[in-house]
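Student: Chains as they are written, first to last, in our numbering: chain L, 7 to 385; chain A, 7 to 385; chain D, 7 to 385; chain Z, 7 to 385; chain S, 7 to 385.
Honestly, I wouldn't trust all of these hints.
No distinction is drawn between identical chains; accordingly, a pair holds when it is met within one copy or between any pair of copies.
Unchecked claim - Quick list of in silico lysine-lysine cross-link-like pairs, BS3-like style, CA-CA up to 25 Å:
(1) Lys222 / Lys73
(2) Lys73 / Lys31
(3) Lys193 / Lys73
(4) Lys222 / Lys193
(5) Lys31 / Lys222
(6) Lys193 / Lys31
(7) Lys222 / Lys138
These are calculated hints, taken from the structure and not from any lab test.
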Amino acid sequence: MVGFWFLLFFGIRPIFSLMEADLKKSLLSPVVYDPSVRPRINASHMVHVQLDIQVVYILGLEDREGKFSQALNLILTWTDEFLRWNTSEYDDVETFVTEPASIWTPDVTVYGKMDTNQGVDLSLVRVQSDGKVTTKFVGILSTHCIMNAAHFPFDYQLCYFYVGSDVYVTSEVVMETNVMEIYESAKINPSWDLIFVRFVNSTPGVCGVEYCLYRKSLYLGVLYMVPTSMHAILILMTYVVPSEVGERISFGMSLFLSFMVFLLQLNGDLPEISTSIPALEIFFMLHMSSGVVALVVAATTAYVTLNTTQTVSLGSVKDVSTVTSLNKKPLRSLCRCRCLRSASLLNRTGFVVSFILILAANFVMLNATIVSDGCRIKD
Amino acid sequence: MVGFWFLLFFGIRPIFSLMEADLKKSLLSPVVYDPSVRPRINASHMVHVQLDIQVVYILGLEDREGKFSQALNLILTWTDEFLRWNTSEYDDVETFVTEPASIWTPDVTVYGKMDTNQGVDLSLVRVQSDGKVTTKFVGILSTHCIMNAAHFPFDYQLCYFYVGSDVYVTSEVVMETNVMEIYESAKINPSWDLIFVRFVNSTPGVCGVEYCLYRKSLYLGVLYMVPTSMHAILILMTYVVPSEVGERISFGMSLFLSFMVFLLQLNGDLPEISTSIPALEIFFMLHMSSGVVALVVAATTAYVTLNTTQTVSLGSVKDVSTVTSLNKKPLRSLCRCRCLRSASLLNRTGFVVSFILILAANFVMLNATIVSDGCRIKD
Amino acid sequence: MVGFWFLLFFGIRPIFSLMEADLKKSLLSPVVYDPSVRPRINASHMVHVQLDIQVVYILGLEDREGKFSQALNLILTWTDEFLRWNTSEYDDVETFVTEPASIWTPDVTVYGKMDTNQGVDLSLVRVQSDGKVTTKFVGILSTHCIMNAAHFPFDYQLCYFYVGSDVYVTSEVVMETNVMEIYESAKINPSWDLIFVRFVNSTPGVCGVEYCLYRKSLYLGVLYMVPTSMHAILILMTYVVPSEVGERISFGMSLFLSFMVFLLQLNGDLPEISTSIPALEIFFMLHMSSGVVALVVAATTAYVTLNTTQTVSLGSVKDVSTVTSLNKKPLRSLCRCRCLRSASLLNRTGFVVSFILILAANFVMLNATIVSDGCRIKD
Amino acid sequence: MVGFWFLLFFGIRPIFSLMEADLKKSLLSPVVYDPSVRPRINASHMVHVQLDIQVVYILGLEDREGKFSQALNLILTWTDEFLRWNTSEYDDVETFVTEPASIWTPDVTVYGKMDTNQGVDLSLVRVQSDGKVTTKFVGILSTHCIMNAAHFPFDYQLCYFYVGSDVYVTSEVVMETNVMEIYESAKINPSWDLIFVRFVNSTPGVCGVEYCLYRKSLYLGVLYMVPTSMHAILILMTYVVPSEVGERISFGMSLFLSFMVFLLQLNGDLPEISTSIPALEIFFMLHMSSGVVALVVAATTAYVTLNTTQTVSLGSVKDVSTVTSLNKKPLRSLCRCRCLRSASLLNRTGFVVSFILILAANFVMLNATIVSDGCRIKD
Amino acid sequence: MVGFWFLLFFGIRPIFSLMEADLKKSLLSPVVYDPSVRPRINASHMVHVQLDIQVVYILGLEDREGKFSQALNLILTWTDEFLRWNTSEYDDVETFVTEPASIWTPDVTVYGKMDTNQGVDLSLVRVQSDGKVTTKFVGILSTHCIMNAAHFPFDYQLCYFYVGSDVYVTSEVVMETNVMEIYESAKINPSWDLIFVRFVNSTPGVCGVEYCLYRKSLYLGVLYMVPTSMHAILILMTYVVPSEVGERISFGMSLFLSFMVFLLQLNGDLPEISTSIPALEIFFMLHMSSGVVALVVAATTAYVTLNTTQTVSLGSVKDVSTVTSLNKKPLRSLCRCRCLRSASLLNRTGFVVSFILILAANFVMLNATIVSDGCRIKD
C-alpha cells in the first residue's frame with residue numbers, strides 16, 4: 007500500500023489498468039473505509055439486513071442432546087452507503103467480490119447454535135454499485151431443540167432459532183426476514199418429515215425461524231409393533247396352554263423373559279426425556295403388565311388346581327388303600343368342582359384383564375397418532 | 007495507517023467525514039493505545055470487571071466424564087480510562103463497536119472449563135464515551151463437575167466453576183459478580199431441574215458460580231420401577247407356584263435370568279462412580295437377592311419334599327410287593343409330616359425374608375427421594 | 007516490500023540474483039496484482055476452471071447420519087491472464103510454486119459437504135509461464151448421501167455432490183469436468199464396491215459427481231443368513247417335537263426368545279431409515295412370524311389333545327372304578343379321534359403356513375438381490 | 007510503528023505518558039528484540055526453565071485408547087536477559103503482561119501428549135524488571151498411558167509423560183522440575199485414587215512426571231461381585247435340586263445361560279488389553295467353569311440314574327407280565343445300588359470340584375487386591 | 007523492519023549487538039529471502055529431503071474405519087543454499103532456530119492420512135551454518151489401512167503410507183528415506199505386536215513406510231475360546247442327557263439360546279469386513295451348527311421313541327383290556343426294537359457329526375494361527 011503511494015508520489019504510473027482492482031483500492035483503502043464502522047453516513051440511520059433462508063437438507067434431531075442439525079443457506083443483504091460508485095467511471099464494473107473481513111459485516115449471531123461461539127462464518131461478499139452487499143452462510147448448522155416425547159414415535163417437534171445482531175441494538179442494525187425457500191432435498195430425510203418452516207417475529211430486529219418436524223415412524227413402527235403384536239398373541243395364548251403340567255407358568259415366564267430382552271432394546275431407542283412418558287413406553291409397559299397378569303393367573307390357577315388335585319389324588323390313593331371311605335367322595339367332588347370353577351373364573355377374569363390391557367395399549371398408540379395434530383401442541 | 011499520515015503531511019484532506027472512524031483512529035491508534043496495557047492512567051489503580059451471567063439453557067450433565075454443559079452469556083463490563091471522549095467533538099457519537107483484539111480485554115479464565123485452554127472467546131466490544139466497555143461470551147460452556155451418585159436417580163448435583171483473571175493479580179484486575187439472570191429455557195431441560203444458580207465468593211477477585219441441579223427421574227423411574235415391581239410380584243408368586251413338579255425352581259431360575267438381563271440394561275444407565283453405591287443399584291440388588299432367596303428356598307423345599315416323597319413312594323412300592331410291612335407306615339408318615347412341616351416352615355420363612363428384602367429395597371428408594379434434600383449435602 | 011523499493015530508490019542493488027523470487031515479486035506485487043480480482047483483463051470474459059477428480063479410497067457410508075466419506079483429489083486448473091511471463095527474461099523459469107492466498111483462486115464450494123462451511127482448503131498452487139494455474143484439494147471429504155434401505159443388505163446407493171463457485175455467477179466463473187480417475191485402492195473397500203463414478207451436468211457451470219456403491223454383503227450375510235437358516239430348521243422341527251408332555255410349547259417359546267435376542271442384534275445393524283422396510287427386516291420378521299405360527303399351533307394342539315386325553319383319562323379312571331360303563335367307549339373314541347384328527351390337521355396346516363412364510367422370507371431376500379439392479383432405481 | 011518514528015522525527019510528542027506502554031515499546035521493539043532468539047546475551051549460556059506443576063483434577067484413564075486425561079497447570083519460569091529495566095526510570099513499573107508471541111518462549115513439548123502436535127498453548131506472560139518471565143499452560147492434557155490389566159479391577163496404573171524442549175539441545179535450554187502441588191479436587195475423582203505424583207529425572211534437561219493411580223473398585227465390585235456370589239450359591243444349589251425329573255439339568259442350563267448374559271455385560275467393562283488376563287476375567291471364568299462342572303455332573307448323573315431306573319422299570323414291567331422272574335431281582339438291585347452309589351459319588355466329586363473352583367476364583371480376586379501393592383510392579 | 011532501515015539511513019546504530027538476531031535479519035530479510043522459492047541457486051538442481059522416522063508408540067488399528075493410529079516423529083533434513091554463513095563473522099554462531107514459516111520448507115504430504123488435509127505441521131526448524139536445515143513432525147498420525155480379516159483374531163495386518171511432496175515434481179524435490187528407529191514403547195501396545203517397520207520405495211521421490219502388525223489375541227482368545235469350549239462340551243453332553251422326558255430337547259434349545267446370546271457379543275467384536283469371513287466367525291458358526299445338529303437329533307429321536315412308546319403303551323393299554331391279543335406282541339416288540347435301534351443309530355450319527363463339526367471348527371482356528379505366516383499374504 008505504501009509502495010503504491012510512493013509510486014504515485016514519484017510519478018510512476020502502475021503498469022496495470024484493471025478497473026476492478028482500482029475500484030477496490032479506492033473504495034476499501036483504510037484511508038476512506040473502516041470495516042468496523044457501521045456503513046451509514048448519518049450514524050443515526052439504522053442498517054436493515056435482509057435475511058433469506060434456504061433449507062437444503064435436514065440431518066436429524068438427536069434426542070439425547072436436543073440437537074437439531076440441518077444444512078442451510080443464510081443469505082444476508084444490506085446496503086453499505088460507503089460502497090457506491092459510478093459504474094461509468096470504472097469501465098462499467100457493476101459489481102465486485104471481496105473478502106468479508108475487508109468490509110463491514112453484521113455480527114450475525116444464531117441464538118441457540120450449539121457451539122462454543124454463536125457467530126457464523128460468512129463466505130465471500132458481493133458488492134454492487136448501488137451499495138447493495140450480499141453474503142451467505144452455507145453449511146451445517148446445529149441448534150438446540152427441546153423435545154417433547156409424549157407422543158413418541160408419532161411425535162411432532164417444534165424447533166426454532168433466532169438470528170440477530172448481538173452487539174448492535176435495534177436502532178443500529180435490524181434483521182428482517184425476507185424469503186424462505188425449502189429445497190426438495192429437505193423433504194426426503196429418512197427419519198423426519200418437514201411439515202413447515204416459517205419466520206416468527208417475536209422480538210423486533212431479531213428473526214425467528216421455526217421448524218415443524220414429524221417423525222417418520224416406519225422403522226420404529228415395524229421394529230416395535232410387529233414383535234409386540236406377536237407378544238400380545240402369545241399372552242392370550244397363555245390362557246390356552248394347558249396348565250396341568252405347569253407348562254403354562256413356564257410359557258408365561260419365558261414370555262416375561264422375552265419382554266425383558268425387548269425392554270433392553272427399547273431402552274436404546276427411547277428418547278431419554280423425563281418430561282413425559284412416551285406413548286411407545288406406555289404401550290410396551292401395558293403389554294408387559296398384560297403378560298404379568300397372565301403369568302400371575304397361571305401361577306394362581308396352578309396353585310388352586312394343584313391343591314384340589316392333590317387332595318383328590320391323596321384321596322384316590324386313600325381310595326386304593328381304604329375302600330371304605332368312599333362315602334366322603336361327593337364332598338370332595340363338591341370342593342373340587344368349586345375350586346375348579348373358581349380357577350376357571352380366575353382364568354376368564356385374567357383373560358379379560360389381559361385383553362383389556364392390550365386394548366388399552368393399542369388405544370394409547372392410536373391416540374398418539376391422532377391427538378398429536380401438528381405443531382399446535384407447543385403454541 | 008502510514009498513508010493517512012502521509013496524506014496529512016502532504017496536506018491532502020481525506021474525502022470522508024465519518025466521525026466514528028475518526029474517533030476510532032484517534033483513540034485506538036498504536037501511537038496512543040497499546041492493547042496489552044491495563045487501561046489505568048495510574049498503574050496502581052485496579053480494574054473492576056463486572057460479571058453478569060445469563061443462563062440460557064442447560065445441556066446436561068454427563069456422569070461418565072463429569073461434564074456439565076450449558077449455554078450461557080457471560081457479560082463483562084469495565085472502564086477503560088484511555089477510551090473516553092467528548093461526544094460534542096465527535097458529532098454526538100456516544101458509543102462505538104470494535105474488535106476485542108483492538109483494545110485491552112481482561113484474560114477471562116473459566117477455571118474448570120473442560121478444554122485444552124481455559125480462556126473464552128469474546129464477541130465484539132462496545133465502548134461508551136465515559137470509557138465503559140462491554141463485551142460478552144455467548145455460547146456453550148462445558149465445565150467439570152464431580153458427581154455424587156449416592157441418591158441416584160433422585161440426586162441433587164452441585165456444579166460450580168470460577169471466573170477470574172489468570173495472569174493479573176487481585177491488585178490489578180478484580181472480577182466482581184453483578185447480575186444473575188436465568189432464562190425460561192434453562193428451566194425446561196428434559197433431564198434436569200435447575201434448582202438455583204448463585205454467585206459464591208470464596209477467593210477475592212474471583213467469581214464463583216454455583217448450580218444446583220435435580221435429576222428429573224421420570225424416565226429412569228418408569229423404566230426401572232415398573233419392571234422391578236413386576237419382578238417383585240413374580241418373586242412373591244414363586245412361593246405360590248407348585249413346587250412338586252419342579253416348576254417352582256424353573257420359575258425362580260427364569261426370574262433370575264430375567265434379573266440378569268435387567269442388570270445388563272442397568273449397567274448401561276448407572277453412573278460409573280465408585281464413591282458411593284447408587285440407591286437404584288441397592289434397590290435392584292435387594293430385589294435380586296430377594297429372588298435368589300426365593301430360588302434357594304424353592305430348591306431346598308424341592309429337595310426336602312423329594313426325599314420325603316421318594317422314601318414314601320419307595321415305601322409304597324414296597325407296599326405293593328410286601329403288604330406285610332404295613333406296620334412301618336405310621337413311622338414313615340410321621341417323618342413325612344415332619345419333613346413337610348419343615349418344608350412348609352422353610353417356605354414361610356423364605357417368603358418373609360423375600361418380602362422384607364423387597365420392602366427394604368423400596369425403603370432405600372423412598373429414603374433416597376426424601377433424604378437428598380437439596381444441595382445441602384455438599385456444603 | 008517497502009525496504010525493497012527504498013533500496014531500489016537509493017540505488018542499492020540487492021545481493022541476490024534469484025530469478026524465481028524476482029519473478030514472483032514482479033508478478034505478485036500488490037501494486038500490480040490483487041488476489042481478490044478475477045484474473046481476466048477483460049472483465050466480461052469468464053474463467054473456465056477445469057475439474058479433475060481422483061478417487062483415492064472410499065471410507066464408508068454411515069446410514070445413521072447419511073454421510074459418505076472418501077479420500078479424493080480435486081485438481082483445479084485455470085488460466086490467470088495476469089500471471090504470464092516471458093521465460094527468456096527470467097532465466098528460463100517456466101513455472102513456480104506459491105501459496106494459494108497470494109493469487110486469485112476460485113471459491114470452490116462442495117455442495118453437500120457435511121461441515122460448518124462448504125469450502126475446501128487448497129494446497130500450494132503451481133503457476134506456468136502461459137498463465138496456467140493448478141492447485142489441488144487432497145484429503146478426506148464427507149458429503150451428505152440420502153440412503154435407500156429397501157434392498158438392504160443387497161442395496162445399491164447413489165451418492166452425489168456438486169462442485170461449483172458459490173459467489174461467482176456462471177458468466178464469471180464456470181466449473182468444467184475434465185478427467186476422472188479411480189485408484190485401485192478405491193475398489194477394495196471392505197464394505198462397499200464402487201460400481202462407477204461419473205460426472206453429471208445438471209446445472210451449467212456446476213460439476214456434479216455421482217458415485218454408485220454396492221454393499222458387500224458377506225459380513226451381514228453370514229451373520230444373519232446362517233443363524234436365520236438354523237432358526238428356520240428349528241421352526242420346522244417344532245412340528246416334530248412331541249407335543250404330549252408340553253415339550254413342544256417350551257421348544258417354540260425358547261425359539262421365540264431366541265428370535266427376540268436376535269432382534270436385539272438386528273436392531274443394531276439395520277439402517278435407521280423410515281422410507282422403506284429393509285429386505286433383511288422383512289426376511290427376519292417373516293421368519294419370526296413363522297415361528298409364532300408354529301408356537302400358536304403347538305399351544306392349540308396341546309389344548310385340543312389335552313382336553314381329549316383329559317376326558318379320555320377321566321374316562322379311563324372311571325373305567326377302572328366302574329367297568330359297567332364300557333359301552334360309552336366307542337362314543338368317546340369317536341370324539342377322541344375327531345379331536346386328534348383336527349389336531350393333526352391343525353398341525354399340518356401350521357406346518358404348511360410356517361413353511362410358506364419361510365419360503366416367502368427367502369423369496370424376499372432373493373428378490374432383493376435380483377431386483378436391485380444397479381443404480382437405476384434412483385434415476 | 008512507522009508512524010511513531012515519523013512523529014518523533016517531525017518533533018511531534020505523543021499525547022500519552024503511559025510508562026508501561028513506553029517500556030514495552032522500548033523493550034519489545036523489533037529493532038532491539040527478536041522473539042525467535044534465545045534470551046541470552048552470551049549465546050553459550052543456557053536458559054534454565056523452571057517447571058512447576060499443579061494437578062487440578064483427574065478426568066480419567068480410558069483403557070481402550072490408553073489415554074490419561076487431567077486438568078493441570080504447567081507453570082514455566084525463566085530469565086530473559088533482554089527484558090530487564092530500571093524500574094525508577096519507568097515510574098516504578100516493576101512488571102508487565104504481554105502476549106507470549108511477542109517475546110521468546112521455550113518450545114514446551116509434552117512427549118506422550120495424544121494430539122497431532124505435542125506442543126502446548128501458553129497463556130499471557132508476565133515479565134518482571136529483573137528479567138524473570140512467567141507463563142502457564144492451563145487446561146486439559148491427555149497423555150498416552152500403557153495399562154497393565156493383570157489385577158483389574160484392583161489395579162494400580164503408572165502413567166507418565168515428559169516435558170522438554172524439542173528443538174533446543176540441553177546446552178541451550180534445560181527444563182528443571184521445581185514445585186509439585188496437588189489440588190484437593192485431584193483427589194476426589196469418582197473412579198481413580200491419585201496415590202502420588204512425582205518428578206522423575208531420567209534424561210538430563212527433560213522433566214518426567216509420574217502419576218500413580220489406583221482404581222476405585224466400588225462400582226465394578228458391586229456390579230460383579232454380588233451377582234457372581236449369587237451365581238456361586240446357585241451353582242452349589244444345583245447339587246441340591248432333585249435330578250430325577252430332569253429339573254437339575256434345566257436348572258444348570260439356565261444358570262449357564264445366565265452366565266452367558268453376564269459375560270455379555272463383562273465384555274463391555276473389561277479393558278481390551280491382551281498383555282495379561284484381568285483378575286476379574288479369571289474370577290468370572292472360574293465361576294463359569296464351576297457351573298459347567300455342575301451341569302455336566304447333573305447330565306451324567308441323570309444318564310446314570312435313568313439307565314438304572316429304566317432297567318429297573320423295564321424289569322418291573324416284566325415283573326408284572328412274568329412273575330416267575332422274581333429271582334433276578336437281587337441282581338438288578340445290586341446293579342442299581344452300585345449305579346446309584348456311583349451317581350452319588352459323581353455328585354459329591356462334582357460338588358467338591360465346583361466348590362474348589364469357586365474358592366479358587368475368590369482366591370484369585372483376593373490375590374489381586376493384595377499382590378498389586380502400589381506402583382512398584384512397573385519399576 | 008522499516009524502522010530498522012530508517013535508523014540505518016539516519017545513522018542511528020541500534021543499541022544491541024546480538025549476533026544471532028543480526029544473522030537472522032541479514033539471512034531472512036524479505037529483500038534477500040523468499041520462503042516460497044526452492045532453496046537452490048541453480049533452479050535446475052533438486053532438493054534432497056532426508057526422511058528419518060522414529061516410531062514412538064502404536065495407538066491401534068480400528069477395523070470399522072480402517073484407521074491406523076500411531077505417535078511418530080518424522081525428521082526432515084535438507085540443505086538450503088541461501089542459509090549459509092561464515093561463522094567467524096557472526097561470533098561463532100553455528101546454528102539458529104526459527105519458525106518454519108520464515109524459511110522454505112517442503113510441502114510434506116502424508117498420502118493416506120485420514121484428515122481433511124494431508125499435510126503435516128512442522129515444529130521449529132534448526133538451521134546450521136552449512137545450510138543444513140532440520141525440522142520435525144512430532145505427534146499422532148492416523149493413516150488409512152485396509153484390513154484383511156480372514157485369519158481374525160490371529161491376523162497380521164500390513165499398513166503403509168507414503169510421504170512425499172505433492173506440488174513439487176521429482177526433478178525439484180525428492181524425499182529419501184534415511185534412518186528408521188523403533189522406540190521400546192512401540193513394542194508394548196496392549197493389542198498389537200509390531201513385527202517390523204520398513205521403508206519401501208515404489209515411486210521415485212516418494213518414501214513408503216510399511217508396518218506389519220500382529221494382533222495380540224489373548225483378550226479375544228480367552229473371551230471366545232473358553233466359553234466356546236464349554237459350549238462344545240455341552241453339545242456333546244446333549245447326547246448324554248436323557249431324551250425320554252423331553253429334557254434333551256430343552257437342554258439343546260437352551261444351548262441354542264446361549265449361542266444366540268454369544269452371537270450378540272461376537273457381533274460387537276468382529277471386524278465389519280466383507281472381503282473374507284473371519285476364522286473366529288467360522289469357528290463360532292461351526293460350533294453353532296454342531297449344536298443345531300445335536301438339537302435336531304434330539305427332536306427326531308424324541309419323535310421316533312415317542313411314536314414307538316406311544317404304540318407300545320397303546321398296545322399295553324390294549325393288553326390290559328384284551329389279554330387275548332398277546333400273540334401280536336413279538337411283532338410290536340420287533341417294530342419297537344427296530345425303531346429304538348434306528349433312534350440309537352441316529353443318536354450315534356448325530357454325535358459323530360457334532361463331534362466332526364467341533365473338530366473342524368478347532369481345525370479352522372488352528373489353521374488361522376499357522377497359515378497366517380507374517381505379512382507375506384499381502385505381498
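Student: Work down the list of hints and note, for each, if the structure agrees.
Tutor: Evaluated hints:
1. Lys222 / Lys73: Cα proximity of Lys222 and Lys73: in one copy and across copies (18 Å, 19 Å).
2. Lys73 / Lys31: Result: close neither inside a copy nor across copies, 44 Å intra and 43 Å inter.
3. Lys193 / Lys73: both (19 Å within a copy, 17 Å between copies)
4. Lys222 / Lys193: within (11 Å within a copy, 29 Å between copies)
5. Lys31 / Lys222: neither (55 Å within a copy, 58 Å between copies)
6. Lys193 / Lys31: neither (45 Å within a copy, 51 Å between copies)
7. Lys222 / Lys138: neither (42 Å within a copy, 51 Å between copies)
Hint compliance for this structure: hints 2, 5, 6, 7 are broken, all remaining hints hold.
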